[in-house]
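Chemist: Residues per chain, in single letters:
There are 4 protein chains.
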Amino acid sequence: MSDAEAIARKYFDKSLTDRERAIFEGAITLGATYHQFVGTPIARDERVVKSLEDAVNNAMALQPHKRSVRLKIDRSVLKGEKAHPYDYETLKGRHMDLQVVSEYGDSRVTLRMRYVPDVDFTLMYVEKIEKISK
Amino acid sequence: MSDAEAIARKYFDKSLTDRERAIFEGAITLGATYHQFVGTPIARDERVVKSLEDAVNNAMALQPHKRSVRLKIDRSVLKGEKAHPYDYETLKGRHMDLQVVSEYGDSRVTLRMRYVPDVDFTLMYVEKIEKISK
Amino acid sequence: MSDAEAIARKYFDKSLTDRERAIFEGAITLGATYHQFVGTPIARDERVVKSLEDAVNNAMALQPHKRSVRLKIDRSVLKGEKAHPYDYETLKGRHMDLQVVSEYGDSRVTLRMRYVPDVDFTLMYVEKIEKISK
Amino acid sequence: MSDAEAIARKYFDKSLTDRERAIFEGAITLGATYHQFVGTPIARDERVVKSLEDAVNNAMALQPHKRSVRLKIDRSVLKGEKAHPYDYETLKGRHMDLQVVSEYGDSRVTLRMRYVPDVDFTLMYVEKIEKISK
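Residue numbers (this note's numbering), protein chains in the order written: chain Y, 1 to 134; chain G, 135 to 268; chain C, 269 to 402; chain U, 403 to 536.
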């Protein structure tokens, strides 16, 4: 553990387990990603979509205790080639399928955000929790 | 539990406890609040500061399983009265002290975000975990 | 003109008129407001909606050379009372009717942003330009 | 002029010149870019910085009447290699040098946003206005 992590850790409730901490760190990145990037202009142009996915993945993985961040923007629901100046969209929850993997101590957690028609909501959830060897 | 919650719950890892779920929901709101509102123009004008605090508290408490959201913006570090057109700031992590209380099942969790000079970082952490009667 | 404005002005193209400068300053605030606040949780709850309108109006009016900022969120298109944890929306362009009035030298400009069904777009435009006595 | 542009144009003040319209469209993108991307995690890692620049340039150029958008993030003021989990920054105005070129009818306008120490402000300004042949 780095010195900085040792300092940060003192602020946390002492009963928090590694597993809970990994869930906590992953959830932050789900909320952060949605609220940072929703509203960004987007169109079904591979260059635009791919560069936004790359930027999100690289930037958000800087957040503490992230193993990986992987955004997939659903091209199929985006408008096609821009036909006039106003023919594009802005990024919404229903365009995004986001997977975040966080790790802390002996725990690895896979979290997900994607539009769930059942509840008409861009749901954030914990998909998988694993024990790893430190 | 509402029908919608029962549906949403099916997406989550089955081993997730109420306590973990409450931590998860609170952490989302920490990340979301920072990334939604950072960059907002701000000045040491009580009307401006108070209305931003109110808006953040009311809006973010709409997120699932929140009991309360309470942002305090540190007036003391903001620039004073606006002396010319460029004499104001935009909201940064170090201006914010955010407390989020989330609840799920038998657990109530208090989470916090504030600037921590020790690590020169706007730290998000789990402050307190309580058992409540459902 | 404040000293700061005299300094800032040196960066601008010398041929820029007061009228053009007022248009410029107002347009910045249209773009800024949309991209700062889109994604904020919102529901048809007067306390939530009114506090967000107030915060936007107060904060964005801090930007240089603004006379007023007035956001109206269209309550009629928002979901009604929250029936379950996932029953709310996030702010979108089609919820907003934004009027910005900017002034520079002898010119006052009224700018607007609102959803225009004709082009299925949240259109930003210059509504009115007036000459004022300095 | 596309049909959609003809429709959109009807919303604008009739006295607006092409030159003013180009200024208007460029200014929107300055305000939009700042408020969309400020707060994004960033570090002096070429992959992170370059992918964010690319995403901003591609996405913001979708806005109406843009010829180009070119963001340069100042690597020299960013923290170096990440030494511990909290050792990174979030994007601020002072990291950005943004150039937007907009065109409308017979006018091309170059606009700029960059930190100006003179006024301790991330200044947005009109750098150059040119007449072009339609």
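Treat each hint with caution, since some may be false.
As a list, the in silico EDC-like pairs of lysine to aspartate or glutamate whose alpha-carbon atoms are at most 20 angstroms apart [claimed, not checked]:
no., chain 1, residue 1, chain 2, residue 2
1, C, Lys-282, U, Asp-447
2, U, Lys-481, Y, Glu-5
3, G, Lys-262, Y, Asp-18
4, U, Lys-481, G, Asp-231
5, U, Lys-494, U, Glu-532
6, C, Lys-340, C, Glu-273
7, G, Lys-184, G, Asp-254
Quick caveat, the hints were computed from the structure, so don't treat them as lab data.
Please read these numbers as outputs of a predicted model, since none were measured by experiment.
Chemist: The structure should be examined with respect to each hint, and the outcome stated for every one.
Modeler: So, going through the hints one by one against the coordinates:
1. C:Lys-282 to U:Asp-447: Between Lys-282 (chain C) and Asp-447 (chain U) the Cα gap is close to 39 angstroms, so the pair fails against 20 angstroms, i.e. violated.
2. U:Lys-481 to Y:Glu-5: It holds: about 18 angstroms lies between the C-alpha atoms, which stays within 20 angstroms.
3. G:Lys-262 to Y:Asp-18: 16 angstroms, holds
4. U:Lys-481 to G:Asp-231: 24 angstroms, violated
5. U:Lys-494 to U:Glu-532: 30 angstroms, violated
6. C:Lys-340 to C:Glu-273: 31 angstroms, violated
7. G:Lys-184 to G:Asp-254: Violated, at roughly 26 angstroms.
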